[in-house]
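Each residue of the sequence shown is one higher than the one before, starting from 1 at the first, in UniProt numbering.
Just so you know, the hints here were simulated from the structure itself, not pulled from any lab data. One thing to keep in mind: the hints can contain errors.
[Stated by the list, open to error] Here are the simulated DSSO-like cross-link-like pairs (lysine-lysine), alpha carbons at most 27 Å apart as the crow flies:
| # | residue 1 | residue 2 |
| --- | --- | --- |
| 1 | K384 | K612 |
| 2 | K612 | K535 |
| 3 | K299 | K531 |
| 4 | K535 | K524 |
| 5 | K87 | K170 |
| 6 | K299 | K535 |
| 7 | K638 | K332 |
| 8 | K218 | K172 |
| 9 | K218 | K200 |
| 10 | K87 | K291 |
| 11 | K535 | K291 |
| 12 | K291 | K524 |
| 13 | K291 | K384 |
| 14 | K638 | K200 |
| 15 | K531 | K291 |
| 16 | K60 | K291 |
| 17 | K531 | K200 |
| 18 | K258 | K218 |
| 19 | K638 | K524 |
| 20 | K524 | K60 |
| 21 | K614 | K441 |
| 22 | K531 | K60 |
| 23 | K531 | K332 |
| 24 | K524 | K384 |
[Claimed, not checked] Distance ranges between label pairs, derived from CB positions:
| # | residue 1 | residue 2 | range |
| --- | --- | --- | --- |
| 25 | P610 | Q427 | 19 to 25 Å |
| 26 | R540 | R609 | 33 to 39 Å |
| 27 | G572 | A528 | 48 to 54 Å |
| 28 | P261 | N353 | 15 to 21 Å |
| 29 | E286 | F228 | 50 to 56 Å |
| 30 | R203 | P641 | 43 to 49 Å |
| 31 | Q427 | N571 | 37 to 43 Å |
Beta carbons are placed, not taken as given, at the ideal position from N, Cα and C, and that holds for glycine.
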Amino acid sequence: MSLSSMLTRRPWIGWVLVIGLFGGAIGVGVLAGAWAVICRSGRCPSIAALEQYVPRQTSKVYAADGRFITELGLERRTLVRLQDIPKHVRDAVVMTEDRRFYQHAGIDYFRIFGAALRNIRAGGYAQGFSTITMQLARNVFSDRISREKTLLRKVKEARVARAIEMRYSKDKILELYLNQVYLGNGAYGVETASQRYFGKSVRDVTVAEAAVLAGLLKGPERYNPRRFADRAIQRRNTVLELMRRGGAINDADASLAKAYPLQLAERSESGDIAPYFVEWVRQELEAHFGKRLYDEGLKVYTSLDVDMQTASERALENQLQAIEAGRHGAYKHLTYEAYLARSADGGERGAANAPYLQGAFVAIDPRSGAVRAMVGGRDFGDSKFNRAVQALRQPGSTFKPVVYATAIHEGFGPSQVVDDSPISLDQVSGETWTPQNYDLKFQGNVPLRRALYMSRNVPAIRTGMAVGTDAVISMARRFGISTPIPPYPSIFIGSADVYPVQMIGAYSVFANLGLHTTPHAILKVENAEGKVIWKPTPNREAVLSPEEAWLMVSMMKDVVVRGTAARIWSNGFRVPAGGKTGTTNDGADVWFIGYTADLVAGVWMGFDRPQKIKSNAQGGELAAPAWAAFMTEVYRRKPQPPDWPRPDGVVTREVDAATGRLANSSCLGAVVTEFFVQGYEPTQSCSDASGPTPMSADSARIRSMRDTTNPFRIPPQ
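Take the sequences, apply the hints, and build the full model.
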């Protein structure tokens, strides 16, 4: 039987050996021999590594206004010098963990004898004898020294501790220990623990608070003051008594500290603020910096607006709860509250696909592409899958503005008549596709403007076919959509999957009057010394001319005022805004993406496993209210942006609504004022022909007449 096996089966033998190894006249020699055997062939770590050792520091993440958001790191730690740690904190730790720390040379022989005798009586491991230096050895070389409570581990700890003591001063050892030790709640080191529990630096903690920190060393989770306040207070008072007996504090100070109430800071743990946004940022940082992110204490400044984030979470959750409560019609699925109740009764949480209604929300400053708010789901703790940036969902009618923007870019105007009548198209499979409008009705000839704001499917398909599949796909790419778009007519009504963040970011083209900005979250990264080491360059590209984009804004403002999202306007939101609703044919996805001149925001709702949300689900009814609630709260706090100024290159004409041609006395339709890009306004009147000229594939040839030599004008930022 090996020594290791014998000690495992009969632990009392080991403690008899401890007395022999660590004590007596021949103890030193025997111990040296034991070290030689146990540490042969490099089995014990060399403290040479300690020369370059720097405890891991977390990277700090901040919002756009400088507010702290969270920490990123394998071990959340902020380093602090020993001279910045108050004496009563140091005393509390030394009196509790190793009261002869300044007298021994890494091994406390008096403590060994007491622990060994107690363990012999118990017939096993009942009390340890690790000094602060031995604990430091175990923590620093955790990959080389097992954490199992065995005699062999203790011998290794003692060997490394002696080597540490021979090379470093007591103050250096204590500083390393206080920065290295785990204190529960995800906090490593006294500075991070002080911030997490008390909301202040360790420099400012009271004697009572110092005793709480020291008390955690015996059992960080068992004495966690957030979970076990009574237990933490009892342990704190034990530490205070040890400090009093050791002369670190007098009787009066001890009594006062014991009577001090436990006052913890408001919880601000990682994951509390914008968890999906933080994880998105973390992934990008890890791709750029690798393990440096978790070791070097970087400072990451992001685009997040904490107030907007809170508003987006509130608006989305309130609307999802309203849907589940049946306020928009009968709802037959498992609700989020019922799921939580079932989980509390022992049901499983954290399934790959959440069984309750989900949602995503993204808000972007279109001028820069800075993401101001992001919600990737209802419960990050239950599902870390970020539906805003990872989910591939059909955009439905929110894709139609890309189709109409292509048509405007090709030279068509908002008054162009398009045929809303039944159409059948041959598929690659040999089947015939007969698309329908949402209301299963057809309206005949309708202008592009009405086709867009009433979200007619057939006119959108005919418009896409007129300008060409390739042109629409090319435009979608310039709008920032990178996902596969097959060259089928169904893409014109949003059948190709997209990432919500890209679909929402595409609308920056309209908000900016032609300029697309790619959504991004990181403004700059500094190292621990405050030097900027990375500053991503925002990607901006001119997609439409200001005149073309302004026509699209004009058409999309009608969606909010009198179209499928008219409830936004009728319910009192009067900031100049455009947008588009979206609903997939099976009612599994509902959307609303809207924008003002300084903010683009989008909402998606659906199930992780696509299924009909409810009967007659519509984006204007289910998703748009969340957008409106968010925008209303945002503009209650910030100045409202002005309306988009009409570019000089946009002209007006009186046209016949029935034909889209210039109006005169012989026209039978209503006369309306319409906008056009100068040079592409209609020249024929309604009396020049017997009827309207519906859009056809040949109409795309108008693009060849356009002047493409002048670069697009980028609006000022």
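Hint by hint, here is what the structure shows:
no., hint, in the structure
1, K384 to K612, "holds, 23 Å"
2, K612 to K535, "violated, 43 Å"
3, K299 to K531, "holds, 9 Å"
4, K535 to K524, "holds, 4 Å"
5, K87 to K170, "holds, 14 Å"
6, K299 to K535, "holds, 12 Å"
7, K638 to K332, "violated, 39 Å"
8, K218 to K172, "holds, 22 Å"
9, K218 to K200, "holds, 23 Å"
10, K87 to K291, "violated, 34 Å"
11, K535 to K291, "holds, 19 Å"
12, K291 to K524, "holds, 18 Å"
13, K291 to K384, "holds, 21 Å"
14, K638 to K200, "violated, 31 Å"
15, K531 to K291, "holds, 19 Å"
16, K60 to K291, "holds, 15 Å"
17, K531 to K200, "holds, 25 Å"
18, K258 to K218, "holds, 19 Å"
19, K638 to K524, "holds, 25 Å"
20, K524 to K60, "holds, 12 Å"
21, K614 to K441, "holds, 21 Å"
22, K531 to K60, "holds, 14 Å"
23, K531 to K332, "violated, 55 Å"
24, K524 to K384, "holds, 25 Å"
25, P610 to Q427: 19 to 25 Å, "holds, 21 Å"
26, R540 to R609: 33 to 39 Å, "holds, 37 Å"
27, G572 to A528: 48 to 54 Å, "holds, 49 Å"
28, P261 to N353: 15 to 21 Å, "violated, 46 Å"
29, E286 to F228: 50 to 56 Å, "violated, 34 Å"
30, R203 to P641: 43 to 49 Å, "holds, 44 Å"
31, Q427 to N571: 37 to 43 Å, "holds, 41 Å"
When the structure is compared with the earlier hints, violations turn up for hints 2, 7, 10, 14, 23, 28, 29 and for no others.
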